Amino acid sequence: MADIKELERIASQVRRDIIRQVYLCQSGHPGGSLGNADLLTALYFEVMENDPSFNMEGKGEDIFLLSNGHISPVFYSVLAHRGYFPVKELATFRQINSRVQGHPTTHEGLPGIRISSGSLGQGPSVACGMALAKRMNGDDKTIFVLTGDGEQQEGQIWEAALFAPHNKLENLVLIIDDNGQQIDGPTEEVLRLGSFEDKYKAFGWDVMNMDGNNMAETVKVLKEAQAKRNGKPTCIVMKTEMGQGVDFMVGTHHWHGKAPSEEQTKIALAQLEETLGDF
Amino acid sequence: MLSLDKLQSTGKKATRDGFGAGLKAAGDKHDNVIMLTADLRGSMKSEDFINTYPDRFIQCGISEANMIGVAAGLATSGKIPMTTTFANFSTGRVYDQIRQSIAYSDKNVKICASHAGLTLGEDGATHQILEDIGMMRMLPGMTVINPCDYNQTKAAVQAIADYHGPVYLRFGRPSWPIFIPEDQEFVIGKALHLNEGADVSIFATGHLVWKAVEAARELEAEGISVDLINIHTIKPLDEAAVIASAKKTGAVVSCEEHNKYGGLGSAIAECLSKNAPTFQEYVATDDTFGESGKAEELLEKYGLGVKDIVAAAKRAIARK
Ligand SMILES: Cc1ncc(C[n+]2csc(CCOP(=O)(O)OP(=O)(O)O)c2C)c(N)n1
Ligand SMILES: [Mg+2]
Numbered sequence: 008m009a010d011i012k013e014l015e016r017i018a019s020q021v022r023r024d025i026i027r028q029v030y031l032c033q034s035g036h037p038g039g040s041l042g043n044a045d046l047l048t049a050l051y052f053e054v055m056e057n058d059p060s061f062n063m064e065g066k067g068e069d070i071f072l073l074s075n076g077h078i079s080p081v082f083y084s085v086l087a088h089r090g091y092f093p094v095k096e097l098a099t100f101r102q103i104n105s106r107v108q109g110h111p112t113t114h115e116g117l118p119g120i121r122i123s124s125g126s127l128g129q130g131p132s133v134a135c136g137m138a139l140a141k142r143m144n145g146d147d148k149t150i151f152v153l154t155g156d157g158e159q160q161e162g163q164i165w166e167a168a169l170f171a172p173h174n175k176l177e178n179l180v181l182i183i184d185d186n187g188q189q190i191d192g193p194t195e196e197v198l199r200l201g202s203f204e205d206k207y208k209a210f211g212w213d214v215m216n217m218d219g220n221n222m223a224e225t226v227k228v229l230k231e232a233q234a235k236r237n238g239k240p241t242c243i244v245m246k247t248e249m250g251q252g253v254d255f256m257v258g259t260h261h262w263h264g265k266a267p268s269e270e271q272t273k274i275a276l277a278q279l280e281e282t283l284g285d286f
Numbered sequence: 165m166l167s168l169d170k171l172q173s174t175g176k177k178a179t180r181d182g183f184g185a186g187l188k189a190a191g192d193k194h195d196n197v198i199m200l201t202a203d204l205r206g207s208m209k210s211e212d213f214i215n216t217y218p219d220r221f222i223q224c225g226i227s228e229a230n231m232i233g234v235a236a237g238l239a240t241s242g243k244i245p246m247t248t249t250f251a252n253f254s255t256g257r258v259y260d261q262i263r264q265s266i267a268y269s270d271k272n273v274k275i276c277a278s279h280a281g282l283t284l285g286e287d288g289a290t291h292q293i294l295e296d297i298g299m300m301r302m303l304p305g306m307t308v309i310n311p312c313d314y315n316q317t318k319a320a321v322q323a324i325a326d327y328h329g330p331v332y333l334r335f336g337r338p339s340w341p342i343f344i345p346e347d348q349e350f351v352i353g354k355a356l357h358l359n360e361g362a363d364v365s366i367f368a369t370g371h372l373v374w375k376a377v378e379a380a381r382e383l384e385a386e387g388i389s390v391d392l393i394n395i396h397t398i399k400p401l402d403e404a405a406v407i408a409s410a411k412k413t414g415a416v417v418s419c420e421e422h423n424k425y426g427g428l429g430s431a432i433a434e435c436l437s438k439n440a441p442t443f444q445e446y447v448a449t450d451d452t453f454g455e456s457g458k459a460e461e462l463l464e465k466y467g468l469g470v471k472d473i474v475a476a477a478k479r480a481i482a483r484k
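In order, the protein sequence lines correspond to chains A and B.
By the count of my numbering, the first sequence reaches residue 286 at its end, each step adding exactly one.
By the count of my numbering, the second sequence reaches residue 484 at its end, each step adding exactly one.
Worth double-checking, as some hints may not be accurate.
Derived DEER-like restraints, expressed as beta-carbon distance ranges [said to hold, decoys possible]:
{"#": "1", "chain 1": "B", "residue 1": "T216", "chain 2": "A", "residue 2": "D147", "range": "43 to 51 Å"}
{"#": "2", "chain 1": "B", "residue 1": "E346", "chain 2": "A", "residue 2": "G136", "range": "50 to 58 Å"}
{"#": "3", "chain 1": "A", "residue 1": "S268", "chain 2": "B", "residue 2": "K170", "range": "38 to 46 Å"}
{"#": "4", "chain 1": "B", "residue 1": "G237", "chain 2": "A", "residue 2": "E269", "range": "45 to 53 Å"}
Quick caveat, the hints were computed from the structure, so don't treat them as lab data.
These numbers come from a predicted model, not from an experiment.
Here a beta-carbon is modelled for each residue, glycine too, at the ideal position from N, C-alpha and C.
Isolated chain A, as found in the complex:
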């Protein structure tokens, strides 16, 4: 049984790390990162079989790919606390000569990263390739890939959406961060996405829903998706709040890609318990 309280404690530290990384370099994307802190914590600390000693191929491991690379602060914090690289390296986020790049990359050899992302819309295709390879290799583990909801506006997303069911990629789980926000405003105003559930069902996927800011539900749904093998890929439509955990950042696109001031940082950190020690 998952220790939900413990996972929530980890997620609180991850949220602190997000704020502090973005504050230190005065750059980066806190909103989406905060919203996905529960998901990434659940995946790496509870759901996925994953080995922090890290090898690129990940044989016999579950794999996570971050397609919406701009939420790198949450990814880095979770990887570091899971033991992929030293937590103190988070202090170098977005600074020159760092492995902790603005967007995740394999280029500097940071353990835990398997594909560079930042240009949106490409992750699901890469995930399809990895899911195919796992099947070819007789490896029954699962590929998880996360995209933003705004990111779903990219055409390539829908090429992968056709490809995965056609190829019966039952070991593939696509998670959509349905926070209703993107850079220029609410997705509803920028370019309406309609029902992800209807769309993905029509394309031949199994669709599940979850509240990605409810740890118990997140763990439960992820495990169900992970265990499922019925010839179809799975799409999880995950409701989150952009900025979840920091009251003045919640539910608005304004914190998509903006760093808090010193004063705002203080207020934010006061709302997030330090549980594992700050970097």
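Dock chain B with the ligands against the given chain A, drawing on the hints supplied.
Chain B with the ligands only, in chain A's frame:
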């Protein structure tokens, strides 16, 4: 005639601010100028145009390929569409859409690309395109322009709206010295002579023009006379200006915030090897991706600073 002493910084603004100002002016003049964006409206500094002409602003969402196609369609029906997003998503992301629907189809679309090059800064290599001038220069019929400051960008936007044909307009994110006179005429395809000199030709485009001005001042202080030429239009290249300068000085330096392959340096080398073979030094990135960091730190690290231009000029002269 401009000269180094006249090229003083009168303040700082981003070239993308110049884009926004130029777009508004072009929109005032041509009621068929349409702005499109792909979820990066705020980054394009175009609120003035959007608020004045809300019906001529089209939000495409994060769908760059679709945006290029929609622009080609608008152009077919007599509009002057200006697509806007970051330079990477304006070019590499949609190369075939540009190639087929715009360039090969002879469409009057202006591809307006911000955040080009290393000076985009902290977002890092995924966003710092250093290959776009090369890609766009390869397309038959495409005009390629990389203005150097706020004033030149503002003038360039108006010039491309007046001109009929596909254009790639490349500009950037950081606040940057403004030094080109506000009333300086912008002529597509015509090099701008910034300083008359005899010992070395420095050809520069984009943000590096200001670095080249500073380098030229240092060189002149050391008694080296610099023929400084701003190549804002990389295609069509002002071959006459390049050849005349190279013949005069016999030593050439090219400066650009771009890979050494495919960009301004390549364009100049192609021209000179055919017409006036001259030793050339490249101030450009050395076939590498960029990384996160502050704009100035990155220019320094990747060899695009003032001292790199000074050193390149001395190397070029030494080879005469
Ligand atoms: C191909 C591409 N186009 C544009 C961008 C610029 N960009 C970065 S994040 C973003 C918005 C993403 O929205 P969403 O996926 O909903 O993420 P959220 O804002 O919710 O974190 C945009 C347009 C990009 N990184 N890649
Ligand atoms: Mg979103």
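Going down the list of hints, with the structure as the test:
1. B/T216 with A/D147: 43 to 51 Å: violated, 59 Å
2. B/E346 with A/G136: 50 to 58 Å: With a Cβ separation near 53 Å, B/E346 and A/G136 satisfy 50 to 58 Å, so the hint holds.
3. A/S268 with B/K170: 38 to 46 Å: Holds, since A/S268 and B/K170 (Cβ atoms, about 40 Å apart) stay within the stated range.
4. B/G237 with A/E269: 45 to 53 Å: holds, 48 Å
When the structure is compared with the earlier hints, a violation turns up for hint 1 alone.
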